[in-house]
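S.K.: Sequence:
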Amino acid sequence: MTTTIGTEQVSLEDLTPFEGNARRGNVETILDSLRANGQYKPLTVRRQGETMTILAGNHTYLALLRHEESGRDACRDWELANDRPCQLCINVDADDPTALSHLIECDDDTAKRINLVDNKAADDGAYDEEALAAILGSLESGPAGTGYTDEEADSILARYEEEDVVEYTAPAVAGYNDDPEERQARMDSHGGENSQPYESRGVRDIFLAMPTAEADELGRCILALREHFGAMTQSEVVLRAARVAVAVMDGADSGLTLADCLARGEEIYAAPADAA
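Residue numbers (my numbering): 270 to 545.
Be a bit skeptical, because a hint or two may be false.
[Claimed, not checked] Estimated spans, in silico, between C-beta atoms of each pair:
{"hint": "1", "residue 1": "T526", "residue 2": "T379", "range": "50 to 60 Å"}
{"hint": "2", "residue 1": "D519", "residue 2": "D392", "range": "43 to 53 Å"}
{"hint": "3", "residue 1": "D519", "residue 2": "E409", "range": "49 to 59 Å"}
{"hint": "4", "residue 1": "E450", "residue 2": "E430", "range": "51 to 61 Å"}
{"hint": "5", "residue 1": "R353", "residue 2": "D393", "range": "28 to 38 Å"}
{"hint": "6", "residue 1": "N306", "residue 2": "L281", "range": "14 to 24 Å"}
These are computed hints drawn from the structure, not numbers from a lab. Note that beta-carbon positions come from the ideal geometry of N, C-alpha and C, so glycine has one too.
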């Protein structure tokens, strides 16, 4: 059972760290926060008669001690680097430094549980990285006192900066010679009545209009596929790749492994019976 006594300023000399505290915190990071923000959260202290044992906030206590033991002159460099005054130097009495403490009474078992959960609960937490970046980005004068270095803050912010949007411009579409008059003109220029249009030979054009970069990528893909398929025309490579892709997707829906899907795709491939 825990009984709350109250919250008050307690002299650092009267406080005792929790014996055997398993946590190893970053005292310098906490001291940086205390200088920037002051002590915004009290220690949790168990009072037993004249003994006051810190259950939660042991490293805040150590940071407060370090601030006094290192001499307040050491804060001048911090103040110059961060362009702000040290809140501890302003608000804590140098002759009798104190820590804001929340005083409770409890048994030994409860004291241990409080010490353990205060550390473990922080370990089990996680971050919404986008929300974190939004908060860091809204700070007016850098991340001093947040626990984040300039480099860490910049790295987080860089992951959520808005990307430059490049307006898409549709490629110019060629005017293909598909009308009867132009088709006859092509026949006349290639042998007149003796020439044969594609249709009479069982051949049909399929035009793929795409941006230049995508067309270049398709060309590279076709070259890579020829390494596997062997010597083929571009149209044969594209058709075979499409058949394999369909077989792979159908096989995946049936629970086959990727290797089985690929093998199945190769097995069903066959050139059209009427291909010349």
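S.K.: Does each hint hold? Answer for all of them.
M.R.: Hint by hint, here is what the structure shows:
At roughly 55 Å, the beta-carbon separation of T526 and T379 lies within the given 50 to 60 Å, and the hint holds. As the Cβ distance of D519 to D392 is approximately 47 Å, the hint placing it in 43 to 53 Å holds. A C-beta distance of roughly 58 Å is found between D519 and E409, which places it inside the suggested range of 49 to 59 Å. Between E450 and E430 the Cβ separation comes to about 55 Å, which falls inside the hinted range of 51 to 61 Å.
Judged by the Cβ atoms, the range 28 to 38 Å given for R353 and D393 holds: they are separated by roughly 33 Å. Look at N306 against L281: about 19 Å separates their beta carbons, and that is inside 14 to 24 Å.
Consistency with the previously given hints is maintained throughout, with no hint failing.
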